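> Residues per chain, in single letters:
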Amino acid sequence: MRLAIPLALLVVLSQACGPDAQAVRPGPPQPAYGGRATIHLEALPKTLNYALETSAVTRRILYELNETLLTEDWNTLELVPNLCASFEVENPTSFVFHLRPGIVWHDGDPFDAHDVVFSALLYRNPKVNCDAKRAQYKRIVEISAPDPLTVRVRYDKPFFRALGSVGDMPILPAHLYEKPGASEDEQAEFINRNPHNHDWVGLGPYKLVSWDGDRIVAKRFDKYFAPERGGYLDELDWLYVKDDAAAFQALLNGEIDLFGRLSTEDYFGSATSSELFREKFFKAWAPSGAYGFVAWNLRRPRLQDVRVRRALAMAFDFEAFKKSVYRGLAVQMTGHGAPEGDFYDRKLAPLPFDPDGAKKLLAEAGWTDHDGNGRLDKDGEEFAIEVLSNSGNAVSETMLVAMQNDWSRIGVVLKPLLLDFNSAKERATKREFDGYLTGWALPTESDPEPTFHSKNASGPTQNFPGLADPEVDRLIEEGQVTLDRATRVLVWRELQHRLYELQPYLWGFSPPRKFAYSQKLHGVEFVRPDPNYVARRWYLPAGTQGTREKR
Amino acid sequence: MAAYLRRRLAWLLPSFLGITLVVFLAVHLAPGDPALRESFDPDAGSADAADIERFRAEHLLDRPLAVQYLHFLGPFDLSPRGHRWFGGSGEHAFGGLLALDLGSEIHRPHVRIVDELGRRLAVTAPLTLAAALLAWGIAIPLGAWSAVRRGQKRERALALGLFALHSLPGFWLALLLVLAFGAAGLGWLPVLGLHSAGAEDLGWFEWLLDLLLHSILPVLALALGSLAYLTRQVRASMLEVLAQEYVITARSKGLSERVVIGRHALRNALLPAITLAALILPALVGGSVIVETIFGLPGMGRYAYEALLERDYAVIQAVTALSALVTLLALLAADVLYALADPRIRHG
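Chains as they are written, first to last, in the numbering used here: chain A, 721 to 1271; chain B, 26 to 373.
Where hints are given, some of them may not hold.
Here are some of the chain B residues that sit facing chain A, going by a computed Cβ distance under 7 Å [claimed, not checked]:
(1) Pro-56
(2) His-135
(3) Ala-208
Per the computed footprint, the stretches of chain A lying under chain B, defined by three or more beta-carbons under 8 Å from a beta-carbon of chain B, are [to be verified]:
(4) 958-965
(5) 970-982
(6) 1141-1155
None of these hints come from the bench; they were simulated from the model.
These numbers were taken from a predicted model, which means no experiment stands behind them.
Backbone N, C-alpha and C define an ideal beta-carbon position, used for all residues, glycine too.
Work out the full structure: start from the sequences and follow the hints.
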């Protein structure tokens, strides 16, 4: 049985899109087996054990090196069986997975239900360094393997993401990670310091062969359980290059085949219109699911008044910023969510750019220029707000300057505070800011509880504003237990409208991710789920030197 | 000489401990919390307070700074797994700097720092050494020529060129080299890493050639960065020597200019270079963040920099301790060589 959770939604957006579109390719050539592709990584994973790691780069690599019980169909975004041949939803809290027989790990050991049970239970060991995912899997109250090909899972209560969560759970090879007879501490130590965290043994169509410094090399796994979905290329390399300018030059030099961090300037500028680029490369963009915002600290008295927050949004010229910085290629956000999905209502209009209206709202809130110095004040105190952000992000820095400029026209002083990522995060977690300019990268549907529910209004949480609104709480709780997708769409949209009305954030933009890639690669499609591409589908055309017709 | 050496050696340990203490305090007093980074759950949206506490306890971050420093220094492991004398389980009794056990990375406990240092040094040290040899190989003749041709038009033009080179920011110089020699320019050289993809399948000669081609641009970037400074040092030293009476005597004896410059002046002019040469050693273990970042080289400079961003205290302390030790030893070696070369120092 299939559970049609997500969205039939926008998939391919590529080189034909955008004002500077490239020529459309001729019909696809016949695929051949063999060859290699090198993919740029903007960060180096700490480990390839995704139970211990939360980074996007680890996840991207594991798309090819490991498999999960269910997978999101790249085109329809439905959850479909993967390691399991089928699954049953017995009731809203219980699921049964029937595993495919004959699956083997990259080292040749058979995969079975015990691997799944072991992988789920490790979150119960408090000493295992999987803190970042513990809460997500703590909801599983029972998991068992009645036989080697069956896994039975029970959650504590109905939850809209329950099936997706267990379906997406990182699975570890128990024969390499389980230490029979070990105490809890010894078992945790065995997992945390396991050499296979680096030398990963997985189930994916590609098998890790080396990870030396910045280069991770994987070769096609001949015993992959679904050969029809296996890769064409013999080798996939991931290469970490921190500096984007250097990585782009390496692409031009043929040392990288896919680069996913093209800046807007390069996407529209001379970097991608040169003869060299047009002859050998394509450019493309795809939805990123990420958006930027300024979280207002609602514990600060001057930001508690919703009129003040609305005024700040109305005094910033979003349209001018979008044109100058993104060349129009970005979505102005009016609430939380990934703007491409139907859970997000794109018809909700943003507040108008209206500096006079903003001034009026601020005056209603008691902020006027009493002493005639051009700056608003109230009870002898000037309206100055400090906005915290990570240093080194050119777009954030430009946005702060633009806000500073626009808000100075209505008498509001913005003081930017740029700190390195960790320092900024620490201050944000301790709520030592007025505004915090940051961003979220979201799947098509996500749980809004961590970011907006009142239960996370204090402590080290992601509810940065400290929002505590009964209506928001009610909608979140209703959405979480609504298993019918169509009904949930309505609930999440209502939540979006409520949040935009409350303005706990100054909602910014969702720009797409922009790619440049070698024309030697064929079968390159850009899809909605991260990482936006499917490397196992890439191929070199038949007849290319070093390729062959058969696997 | 023996007394001089003893005196210098006696200062080595307190200097080293002083440096480690300053670095330790600077790192721990700076903002940023490794426990928050490790425990933050992007899906649950919060860091569980119990998880944070457990992480802090495991890495002694909840203990007084003095205890943390002594744990880092060793030789006793003061963690819960450490020596029984200090309440540990005895599983790992000894550790720390004095036990020559640098431990594991905070965020990658499966990676032993000493192993990673070895891997990083294998990248940084040969490149820095090659760059130093290249820089000195150019700077010595260029500096000597500048001194001899002092004030001439060609010498002034060279000085201007060197100053311009010196003024270029390191990352810009590296990117210029990439633009000039990569596909966007002449297309002669690879611009990333030390090997091409699939280099492991090459024969030894092709493998070596691949390595050499990949090394050219980073070595050039490193060498050009220090060329101006070294050339000016050699020039200044040479000018000083050329004004000495023994050089005038050599000339008045009728020796050829080549012998006067090459045998008498240059050899003496290179004495101050001993200190500069000794300072290459710290660079060999320190690496260059910029060059390693632009050319995608997993070296020591980047290791330290990334550890700083990640607040990996164990790595930062290990790298700085190693750099401090090598710097102190290099300075000691320079002083000893100087003392051997110049009797006034060892008797002074």
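> Hints first: check each against the structure and report whether it holds.
Evaluation of the provided hints:
1. Pro-56: Since the shortest Cβ distance to chain A is 4 Å, the answer is holds.
2. His-135: 5 Å, holds
3. Ala-208: 4 Å, holds
4. 958-965: holds (count 6)
5. 970-982: It holds, with 6 qualifying residues against the three required.
6. 1141-1155: holds (count 7)
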